[in-house]
Amino acid sequence: MASTSLEPLVDQTISVITNDGRNIVGVLKGFDQATNLILDESHERVYSTKVGVEPIVLGLYIIRGDNIAVVGELDEELDASLDLTSLRAHPLKPVQH
Amino acid sequence: MLPLSLLKTAQGHPMLVELKNGETYNGHLVNCDTWMNIHLREVICTSKDGDRFWRMPECYIRGNTIKYLRVPDEVIDKVQEETVRRSDRKPPIGTRGRGRGRGDEGRGGGRAGGRGGYDDGYARGGGGRGPRGGKSTGRGGGRGRG
Amino acid sequence: MAGRKETVLDLAKFVDKGVSVKLTGGREVTGTLKGYDQLLNLVLDEAIEYLRDQDDPLKTTDQTRPLGLIVCRGTAVMLVAPTDGTEEIANPFLQPDAA
Numbered sequence: 001m002a003s004t005s006l007e008p009l010v011d012q013t014i015s016v017i018t019n020d021g022r023n024i025v026g027v028l029k030g031f032d033q034a035t036n037l038i039l040d041e042s043h044e045r046v047y048s049t050k051v052g053v054e055p056i057v058l059g060l061y062i063i064r065g066d067n068i069a070v071v072g073e074l075d076e077e078l079d080a081s082l083d084l085t086s087l088r089a090h091p092l093k094p095v096q097h
Numbered sequence: 001m002l003p004l005s006l007l008k009t010a011q012g013h014p015m016l017v018e019l020k021n022g023e024t025y026n027g028h029l030v031n032c033d034t035w036m037n038i039h040l041r042e043v044i045c046t047s048k049d050g051d052r053f054w055r056m057p058e059c060y061i062r063g064n065t066i067k068y069l070r071v072p073d074e075v076i077d078k079v080q081e082e083t084v085r086r087s088d089r090k091p092p093i094g095t096r097g098r099g100r101g102r103g104d105e106g107r108g109g110g111r112a113g114g115r116g117g118y119d120d121g122y123a124r125g126g127g128g129r130g131p132r133g134g135k136s137t138g139r140g141g142g143r144g145r146g
Numbered sequence: 001m002a003g004r005k006e007t008v009l010d011l012a013k014f015v016d017k018g019v020s021v022k023l024t025g026g027r028e029v030t031g032t033l034k035g036y037d038q039l040l041n042l043v044l045d046e047a048i049e050y051l052r053d054q055d056d057p058l059k060t061t062d063q064t065r066p067l068g069l070i071v072c073r074g075t076a077v078m079l080v081a082p083t084d085g086t087e088e089i090a091n092p093f094l095q096p097d098a099a
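Residue numbers (full-length UniProt numbering), protein chains in the order written: chain A, 1 to 97; chain B, 1 to 146; chain C, 1 to 99.
Among these hints, one or two may not hold up.
To be verified - Below, computed lysine-lysine pairings styled on DSS-like, alpha-carbon distance capped at 25 Å:
hint, chain 1, residue 1, chain 2, residue 2
1, A, LYS50, B, LYS48
2, A, LYS93, B, LYS48
3, B, LYS48, B, LYS20
To be verified - To give a feel for the contact side, a few chain B residues facing chain C, derived at Cβ under 7 Å:
hint, residue
4, HIS39
5, ILE44
6, CYS59
7, TYR60
Claimed, not checked - Stretch-level coverage of chain A by chain B, calculated; a stretch enters the list once three of its residues show a Cβ under 8 Å from a Cβ in chain B:
hint, region
8, 26-33
9, 59-65
Bear in mind the hints are in silico, worked out from the structure with no lab data behind them. Here the structure is a predicted model, which means the values were calculated and not measured. Heads up, the beta-carbon is just placed ideally off N, CA and C, and yes, glycines get one too.
Based on the sequences and whatever the hints tell you, model everything.
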């Protein structure tokens, strides 16, 4: 199903990368024309090369669309099989304007 | 559910707003509009690095400078209630945007009484809001982002 | 349609009072609000700009420079707050158990 809308992702867990380089994972509860998003039960995944991925609980979030770089569907099964505590990665840099 | 509906519903509730410049504002939402411009009351402003803090009685923030808003979890349940109530009165969804804007004036009174409980609840969890601020500030420093 | 929505904040109550304004790009000014319009263009009298850190232009310092009577362009206005009651405070989020 070809779609340019986020509608199919509503009530699914999604992963968002923001312009400041944060990765936020949560359940998409709503969106609008400007790609403003409502994320419920969201958490941020903080990546570093020193320690494993640190999830930070954020709760209910409204993210402004003009601050969003990427919205992706999250394969919950695959995601659950990841051992985040042993995952090391460089944090993303913010978008350069 | 529209993000701006959630924001509307969050009126009277405490929230955290981060601006694109990294400053954060903790305060109670007084009002907002379709551009996401917001008016906060009893505000605590935290600098980008989380090292300086200001208290201000109120402030107006232009919507396009906002990065994200963090709202209390219970607000999302209220939206559903209000959507149902609204659709009872106003079936045509297409006109909702405008209808909502005007409807506000009428709802103002109800809000003061009706949502007071939520407010108190969240305020009591004020400790809960504290750590958040702490966390976000810690994050700012810890990650050393420019 | 213009005026489809009343403004979120009625600036009338700030007229002839001190306001603090943050502008996109990082400038910060305070002054007495003499006038405004619906686009949030502001007229400030006896305006003072807070100068910024040489190394980090997003940080303001306590150094100021007087600007006099100015117009702040609405599109550049990020934040408006009354100066009355605004003060720098100690970290209000510190927890007892914080190390």
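Against which earlier hints does the structure fall short, listed by number upward? Failing hints: none at all.
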